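J.: Chain residues, written in single-letter form:
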Amino acid sequence: MRINWGERTVALTIAIFLLAFLALPVLRVILVAFQDASSGAFTLVNFQDFFRSSLFRESFWNSLYVAGMAVLLASLYALPLAYFTSRFEFKGAIIVQTLGVLPLVMPPFVGAVAMLLLFGSNGSINLLLDEYFGFTITFMEGLNGVIFVESIHYFPFILINLSASLSLIDRSMEESAHNLGAHGLRLFRRIVFPLAMPGYVAGASLVFLKVFDDLGTPLLLNVNNLLAPQAYLRVTSIGIDDPMGYVISVMLVAFSLLAMGVAGLALRGKDYSTIQRGGGGLAKRRMRPWERVVTYTIVLFILLLVLSPHIGLSLLSFGTIWSYAVLPDGYTLAHYHEVFRESPQFITNTLLYASLAGIIDVMVGTAIAYLVLRTRIRTRHWLDYAAMAALAVPGVVLGIGYLRTFFGISLPWSGQPLASWWVMLVIALSVRRLPYALRACTAALQQLSVSLEEAAQNLGARKLKTVWRIVVPLMAGGIAAGFVTSFATAAVELSATIMLVSSESDAPLSYGLYIFMQTAAGRGPGAALGIIAVIIVGLATYLSHRVVERGRRLGAQLQA
Amino acid sequence: MRVSGRFLAAALGALVAVSVASPPLYAGTIENKLVIVTSFPKDLTGVFKRAFEKRHPGLKIEMLKKHTNSGIKYIEETAANNISDMFWASAPDAFEVLKGDGLLHKYTPKTKGIPAKVGSYPINDPDGYYIGFAAAGYGIMWNKRYLKAKKLPPPKRWSDLAKAVYHGHVGMSAPSRSGTTHLTVETLLQGDGWAKGWAQWKDIAGNFKTVTERSFGVPDGVNSGDFGLGVVIDFFGLSSKASGYPVDFIYPPITTLVPANVGILKNAPHPKAAAAFVEFLLSPDGQALLLDPKIMRLPVNPATYAKAPAGFPDPFTDKSIGAAVKFDVKLSKSRYNVVNSLFDVMITYRLDDLRDAVGAVQKAEAALAEHPNAKAADLVREAKALIAAVPISEAKAAQPDFAKIFKKKRKKATDKVTGRQAEVEEQWDKMVKKNYAQAKAKAEQALAML
Chain A
1 MRINWGERTV
11 ALTIAIFLLA
21 FLALPVLRVI
31 LVAFQDASSG
41 AFTLVNFQDF
51 FRSSLFRESF
61 WNSLYVAGMA
71 VLLASLYALP
81 LAYFTSRFEF
91 KGAIIVQTLG
101 VLPLVMPPFV
111 GAVAMLLLFG
121 SNGSINLLLD
131 EYFGFTITFM
141 EGLNGVIFVE
151 SIHYFPFILI
161 NLSASLSLID
171 RSMEESAHNL
181 GAHGLRLFRR
191 IVFPLAMPGY
201 VAGASLVFLK
211 VFDDLGTPLL
221 LNVNNLLAPQ
231 AYLRVTSIGI
241 DDPMGYVISV
251 MLVAFSLLAM
261 GVAGLALRGK
271 DYSTIQRGGG
281 GLAKRRMRPW
291 ERVVTYTIVL
301 FILLLVLSPH
311 IGLSLLSFGT
321 IWSYAVLPDG
331 YTLAHYHEVF
341 RESPQFITNT
351 LLYASLAGII
361 DVMVGTAIAY
371 LVLRTRIRTR
381 HWLDYAAMAA
391 LAVPGVVLGI
401 GYLRTFFGIS
411 LPWSGQPLAS
421 WWVMLVIALS
431 VRRLPYALRA
441 CTAALQQLSV
451 SLEEAAQNLG
461 ARKLKTVWRI
471 VVPLMAGGIA
481 AGFVTSFATA
491 AVELSATIML
501 VSSESDAPLS
511 YGLYIFMQTA
521 AGRGPGAALG
531 IIAVIIVGLA
541 TYLSHRVVER
551 GRRLGAQLQA
Chain B
1 MRVSGRFLAA
11 ALGALVAVSV
21 ASPPLYAGTI
31 ENKLVIVTSF
41 PKDLTGVFKR
51 AFEKRHPGLK
61 IEMLKKHTNS
71 GIKYIEETAA
81 NNISDMFWAS
91 APDAFEVLKG
101 DGLLHKYTPK
111 TKGIPAKVGS
121 YPINDPDGYY
131 IGFAAAGYGI
141 MWNKRYLKAK
151 KLPPPKRWSD
161 LAKAVYHGHV
171 GMSAPSRSGT
181 THLTVETLLQ
191 GDGWAKGWAQ
201 WKDIAGNFKT
211 VTERSFGVPD
221 GVNSGDFGLG
231 VVIDFFGLSS
241 KASGYPVDFI
251 YPPITTLVPA
261 NVGILKNAPH
271 PKAAAAFVEF
281 LLSPDGQALL
291 LDPKIMRLPV
301 NPATYAKAPA
311 GFPDPFTDKS
321 IGAAVKFDVK
331 LSKSRYNVVN
341 SLFDVMITYR
351 LDDLRDAVGA
361 VQKAEAALAE
371 HPNAKAADLV
381 REAKALIAAV
391 PISEAKAAQP
401 DFAKIFKKKR
411 KKATDKVTGR
421 QAEVEEQWDK
431 MVKKNYAQAK
441 AKAEQALAML
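Sequence order for the protein chains is A and B. Every letter in the first sequence is one number past the one before it in the numbering used here, and letter 399, counting from 1, is 399. Every letter in the second sequence is one number past the one before it in the numbering used here, and letter 283, counting from 1, is 283.
One chain only, chain A, in its complex shape (with noise of 0.2 Å):
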């Protein structure tokens, strides 16, 4: 067979960037898992006291039943918003999928404080509820609460991955389906479904992972026996050189992988790309009045749900004080005065952070997922595993390797440690937020013929230019996709940025967040500060939209 020096160029570039910035400096950590405390030696006992702690085996089950329960109740936020505003006219879809967006960005701290004053078991919820009704619902405590606020927050990745899909079906699969009689619900099973299975696949698995390996809703609702809890509080109370930290890190990493695998094999063996190209997705019916109805008032509900954090944090954004009350006591906007007069750097900052992070990861993802899925070469498989592993590393993790690893490299031109140059930042938040990408961008590639691709290259396009104008511009609602979620989740990243910024000149939002949250008085700013990041957030998502669609009308246009 030829060799085809590009492809191994671009996969040897991904390969090294992959080394470089995510598995030494992790390695350089997670040694420690399977070295002898007290001797330095190679072992696996760390291992063996996992499995026989009752705490751990209780901590993985319940991380377990999270994840799974988690994916279930996002699917029931994702499905309904995902599929009316695709498949019905629906004036507001794209502010419908802007604002599903939103809940992705949980600002750290302040996003737990809101959720707890909205649900807490004395939030406005209960306060009213007990004094109508005299009773109360526990929505916080323990697992459940963890599965309720999870499912909130990652339920986008379904919405996003999912839209993608089935703005990708081909309306002539559908006008098929019609003529040959297929309606409704059958039209629904039989086609529509099975062709956006990639993207709710993709969506669902990132929940179930994310879920599975989050660590800041379980701390926010100080719920410890689950797994990535307990990895962190070892490895940052007990300090960096305990073994089980990183012995629980390891098996997040391992049991991710295989996660993701059997998420491959529910795909395997089906071939989910259409040949047909421009029709724009779904036709759109127009609904019947009452249909109308019924539809509004399910979106209307689910999205007054899932945006209940960020209604909370905007009162308390505006409030005075809010304290064991139904709603703040007083309305002001000097909260945000302060935070426009004190640190307008990070807003700023986290612009420049999250989009580069949000680029890279969507180049980085296109190229993956077009190794993966259209070449040969044989280590292409790893580049996904190895980028998909970077979900499971912990922040912390990253951070110390990152310090590790590049603070005694001194930079040429300033003599600064590599590791205090922001550019570092940006890689880490980039490396950490390259999963989400990378399975957008294999999602919107599965669904593409590689045909039109052989088409192009038989009328005379090389490779390159083939990807270029063909495959990106076909794929372009995945990435967009993908440099959203990517984006999204890079502008409220605290854990690695915690242990990277080295200035405060230098520092991004969720910095800024974590300074103020330490503060009685700091809770209005930070909660301004955090309307500020969704504000960013969703300003963005809007616009990729806008992109999007235009660049499809462009297509349509062309075609005609």
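These are calculated hints, taken from the structure and not from any lab test. This structure is a prediction, so every number in the text was calculated from the model and none was measured. Some clues are possibly wrong.
Unchecked claim - Using C-beta positions, here's what the derived DEER-type ranges look like:
#	chain 1	residue 1	chain 2	residue 2	range
1	A	E58	B	A377	49 to 57 Å
2	B	D401	A	Y385	41 to 49 Å
3	A	G408	B	D160	31 to 39 Å
4	A	E342	B	E423	24 to 32 Å
5	A	L27	B	K434	37 to 45 Å
6	A	T9	B	G58	48 to 56 Å
7	B	K434	A	N144	21 to 29 Å
8	B	G58	A	G142	49 to 57 Å
9	A	R341	B	N32	22 to 30 Å
10	B	K156	A	F42	23 to 31 Å
11	B	D318	A	F42	52 to 60 Å
12	A	G408	B	D318	28 to 36 Å
The beta carbon of each residue, even a glycine, is placed where N, CA and C say it ideally should be.
Given chain A, work out where chain B should sit, using these hints.
T.: Only chain B this time, still in chain A's reference frame:
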């Protein structure tokens, strides 16, 4: 004429002010930059940064804010190529870690008038590696609206928190998560003794709604009204109150005042600026800044209390604060990690089991008070003993060989430790879980008899 005379006086005054404010002896020419790694909140650092920069025009302070633990890690990992000048944080034990690693630079402050001790705790490191600039003590804060709505009385002492009325209403951080919480746990253990101290903690913890992951999670929860009472360090309580939250704070009789510290790092790139900053913190002007309503920390200079608002606690005149316990720093250090680990195994990770067991005992005790019954009383006593049981004795906890298992950092490759923390903890966990389950069963059995 009068105008110009006043002008003259003003100019003269300004001249005097400038000559007084101008950098004293130590400064000479100081560098124009200062990098401080700190765990303090913006409300504190901002005030000092502005004041210090005003005093030394042209100088810029870079405040790097990290959790205490991340700050230590950051300094350790970056020591080879150090770019930070100072470490500025609360917990003395964090400074002990840096001192142990040889990362601090010895400095003796020149400012006079600071006593040797606050409460029973020495203000400065006896070896001269770090310097106390403010004091803080633990106490109880509560949400007034919450207590009113739930009809709860405000507590006065630690043991009040163990009362059945507070079941499910208390919050605290874990000692392994926050150095200052550790001090509170250790203070009570030293004040009441090992066995009684742990029994007391478990009775209090049985009333916990939650163990928060961050120490600020406690005032946050009380401020929101998520739980009603919290075990917090004084400035969290005082500053929440000053920010307008409907909360209140007291020092219980057994408490330790602990200095918050500052230290200069070894190979600091700007040593003169760092020394000037230490002197500024201790100067009357610097000490007075601590009384800012958003900061509210206890100055170490007794003279500063003259400027404090009414009702502000003064440990130098009010001997009831922080003097009841002679805090033994050596003992605390010898079992530091063991105490953290014990607390996590017995309380943090088994909070649900503990809460259930303590709740059952509280119910049985309430019933017992109305219908005395010797057999049931025995069962309750047994249940309480099971809850109180600690897997290891005080002597064992402080044994160097045993404590070493919990100290992971091997200084040399030849250091030999037998036993692994995870292994020991699993044994403890087994015992604790079984005890709590049995205690609950016994208490329920007693209740059924009444």
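J.: A separate judgement is required for each hint: does it hold in the structure or not?
T.: Consistency of the hints with the structure:
1. E58/A x A377/B: 49 to 57 Å: violated, 34 Å
2. D401/B x Y385/A: 41 to 49 Å: holds, 44 Å
3. G408/A x D160/B: 31 to 39 Å: Taking Cβ atoms as reference, G408/A and D160/B lie about 53 Å apart, which means the hint is violated.
4. E342/A x E423/B: 24 to 32 Å: violated, 49 Å
5. L27/A x K434/B: 37 to 45 Å: holds, 39 Å
6. T9/A x G58/B: 48 to 56 Å: At roughly 51 Å between Cβ atoms, G58/B and T9/A fall inside 48 to 56 Å, so the hint holds.
7. K434/B x N144/A: 21 to 29 Å: holds, 26 Å
8. G58/B x G142/A: 49 to 57 Å: With Cβ atoms ~55 Å apart, the hint holds.
9. R341/A x N32/B: 22 to 30 Å: holds, 25 Å
10. K156/B x F42/A: 23 to 31 Å: The hint (23 to 31 Å, Cβ to Cβ) is violated, given that K156/B and F42/A are roughly 56 Å apart.
11. D318/B x F42/A: 52 to 60 Å: holds, 58 Å
12. G408/A x D318/B: 28 to 36 Å: With Cβ atoms ~51 Å apart, the hint is violated.
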